[in-house]
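On the provided structure of chain C, position chain E as indicated by the hints.
Number of protein chains: 2
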Amino acid sequence: MEKFEFYNPTKLLFGKGQLSSLKKEIPAYGKRVLLLYGGGSMKKSGLYDKVIHELKEIGATVVELGGVEPNPRLTTVKKGINLIKENQLDFILAVGGGSVLDCAKAIAAGVPYDGDVWDIVLKKVKASSNSVPIGTVLTLAATGSEMNGNSVITNWEENEKKSFNSIHVYPRFSILDPELTFSVPRDQTVYGIVDIMSHVFEQYFHASSHAPLQERIGEAILRTVIETAPKLVNDLNNYEYREVMLLNGTLALNGLTAMGVKTDWATHYIEHAVSAVHDIPHGGGLAILFPRWMEHVAAVRPEKVAQLGVRVFDLDPAGKTDTQLAAEAIESLVKFWTSIGAPTKLSDYGIDDKEIELMTERAMLADQIGNYVPLSNEDVRKILRNSL
Amino acid sequence: MEKFEFYNPTKLLFGKGQLSSLKKEIPAYGKRVLLLYGGGSMKKSGLYDKVIHELKEIGATVVELGGVEPNPRLTTVKKGINLIKENQLDFILAVGGGSVLDCAKAIAAGVPYDGDVWDIVLKKVKASSNSVPIGTVLTLAATGSEMNGNSVITNWEENEKKSFNSIHVYPRFSILDPELTFSVPRDQTVYGIVDIMSHVFEQYFHASSHAPLQERIGEAILRTVIETAPKLVNDLNNYEYREVMLLNGTLALNGLTAMGVKTDWATHYIEHAVSAVHDIPHGGGLAILFPRWMEHVAAVRPEKVAQLGVRVFDLDPAGKTDTQLAAEAIESLVKFWTSIGAPTKLSDYGIDDKEIELMTERAMLADQIGNYVPLSNEDVRKILRNSL
Chain C
1 MEKFEFYNPT KLLFGKGQLS SLKKEIPAYG KRVLLLYGGG SMKKSGLYDK
51 VIHELKEIGA TVVELGGVEP NPRLTTVKKG INLIKENQLD FILAVGGGSV
101 LDCAKAIAAG VPYDGDVWDI VLKKVKASSN SVPIGTVLTL AATGSEMNGN
151 SVITNWEENE KKSFNSIHVY PRFSILDPEL TFSVPRDQTV YGIVDIMSHV
201 FEQYFHASSH APLQERIGEA ILRTVIETAP KLVNDLNNYE YREVMLLNGT
251 LALNGLTAMG VKTDWATHYI EHAVSAVHDI PHGGGLAILF PRWMEHVAAV
301 RPEKVAQLGV RVFDLDPAGK TDTQLAAEAI ESLVKFWTSI GAPTKLSDYG
351 IDDKEIELMT ERAMLADQIG NYVPLSNEDV RKILRNSL
Chain E
1 MEKFEFYNPT KLLFGKGQLS SLKKEIPAYG KRVLLLYGGG SMKKSGLYDK
51 VIHELKEIGA TVVELGGVEP NPRLTTVKKG INLIKENQLD FILAVGGGSV
101 LDCAKAIAAG VPYDGDVWDI VLKKVKASSN SVPIGTVLTL AATGSEMNGN
151 SVITNWEENE KKSFNSIHVY PRFSILDPEL TFSVPRDQTV YGIVDIMSHV
201 FEQYFHASSH APLQERIGEA ILRTVIETAP KLVNDLNNYE YREVMLLNGT
251 LALNGLTAMG VKTDWATHYI EHAVSAVHDI PHGGGLAILF PRWMEHVAAV
301 RPEKVAQLGV RVFDLDPAGK TDTQLAAEAI ESLVKFWTSI GAPTKLSDYG
351 IDDKEIELMT ERAMLADQIG NYVPLSNEDV RKILRNSL
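Sequences listed follow chains C and E, in order. Numbering follows full-length UniProt numbering, in which position 165 of the first sequence is assigned residue number 165; successive positions increment by one, without gaps. Numbering follows full-length UniProt numbering, in which position 171 of the second sequence is assigned residue number 171; successive positions increment by one, without gaps.
Looking at chain C on its own, in the form it has when it is part of the complex (with noise of 0.2 Å):
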């Protein structure tokens, strides 16, 4: 294990009802609020109503941006930080998937930020204590935006996809009720379930010695999801499904499996280039890019995607080198994916090898990315073309 810390302040509202915790919660930050959501199902579902009537209650004077992106883009956070200045709001509730909580990170950040928010994305300059206080509504289980610190952000005009992350930006508060998910659809709940499997595999993979208990608690979550899945894509408003997938993605990224371990991150990099370039969701990308990266990584290092093998997906070791094991692993993985309903081709997108050179040069944050098997920018072609 590395030397750590941790810090993880967020409070967490799981169950059915605890929407009605909203008017409990929001006036410690006081009562203008920028409601933040993404496209119209929260108004289809009745969640919109519910909200407002929430913060009716408590008298909160409500200024709304709506339409955020499935890849939430610059100029909405840019809309956010005005909205927030010009009505001088002093919180932000965030309704919707890891793209609305993203997004309102962004804006958290920004508002205290003289200079362009584009340069706390770019983790030029730091967000600051003064960031605008989040707290969310979750209706998808996916990004583990909920209890991170993470944001995600598209620079739309510059093809960039980029993340930062801060203590400052971490949701006071989440509302985690498993039937507000009821109405993801199939394809969103699948990309969802590859999103969280993919955010173990990240913090797995790690480049750091003697961390048993992180990996098992990863093998726990994996376990745990591969278990639900397939009962939940066929039994879509099922509340213990959708409930303990719910708590698989907030667990899937809170810090919890990147204690004291050098995380890798190099796929995620990939697939960030990978839908900034040609704006695919997010967890299609991932389960598209994983066993690319994974056949890459076992070409090496098989040992860890050997474990994976034995310990998740219950393959017999008896007789079998590591690299076979990390094979049939790879196998294992495509095939639950494939179950599900999840792409395994960029292809299976309408993409072909033109754009390759950009979406190689835009994965490259650094000379070389990730850290369980460092990638050149010939290994991200190679990865790349391998997934075509």
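For chains that are exact copies, the list does not tell them apart, and a pair is met inside one copy or across any two.
Straight line, CA to CA, 25 Å or less: simulated SDA-like cross-link-like pairs of lysine to any residue:
1. Lys44 / Gly67
2. Lys16 / Arg216
3. Lys79 / Gly30
4. Lys11 / Ser208
5. Lys320 / Arg301
6. Lys3 / His53
7. Lys24 / His168
8. Lys23 / Ile58
9. Lys23 / Glu2
10. Lys79 / Asn165
11. Lys11 / Arg172
12. Lys31 / Glu5
13. Lys262 / Pro9
In case anyone wonders, no lab produced these hints; they're calculated from the structure. Nothing here was measured: the structure is a model prediction, and the numbers come from that model.
For chain E alone, kept in the frame of chain C given last:
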């Protein structure tokens, strides 16, 4: 799962050399410090001097209270409260194991309360948000007190050992340096290991349905403890083993595996009664009582004990009933605890049946205790008799 709230604002500072974080963390809370510690081992090991050095560097005013007992006593809590009031201190730095930390929490909660602090321990009065802020330097992997709001206090005059919990007494930060646990002798190390496993059990044997992730995380902790413990007890100065055990202890009781489940805790109530009457080590008492508790509940609900056997002790379930598996699981647990040197009978501490009635009475905090299988007065008496 049940509806739940999870909020754990303790900042963990984990790893070699983290003691130097004291000077960064304390000033936010003030510089008039009550330094609370236990026996002389802290002075012998040199830790005392290092802490004083850190406090001097920030120009802190330090008032000391040493000699906190292994089962911390109400009288000591009251001394601490008086010292804070007399000297107008604004921060408690607790250096030691769970008993010192628990004592700090009761002091912290007692200061702003005009009545007798025992009212707070008895849960007649709630700890207030004006409780004195606490920071901790942990020297023993066991109670998890470094990342929760629990405090267990003994009123020796009344033979009562009681506990309270409050969000207002969570440590603001906890420093966990595995090297600071090197000086823990073998027997205390073993008691800590039993305590950690028992904390997982109290939450694993819950009375709720459908909490697969929480159970798997509990199993992850148990497997990691079982893998590490035999190596640790034979190599007490091994950094990596101490490191893993320290993290096991923290995650075993920081609320993670209790999310959304009705936990049990009957065995702890019984052990508190035993050690309130006989002043034996808490971990020793648990090692004796837990197998007998498991036998008792397995007669009614063997399924979770059986699951423990299969998933943690790798029992082969083929052709076996849950009752058979449960019996084998308990046998495996006793074998494991015996192998690392834990006691198995109350008579190992010279305890006979004389005080069974008093202990039974003290354990019964209500007409029934525990949730997985609620225990009556008679059940507790029987478990105690079986433990002699």
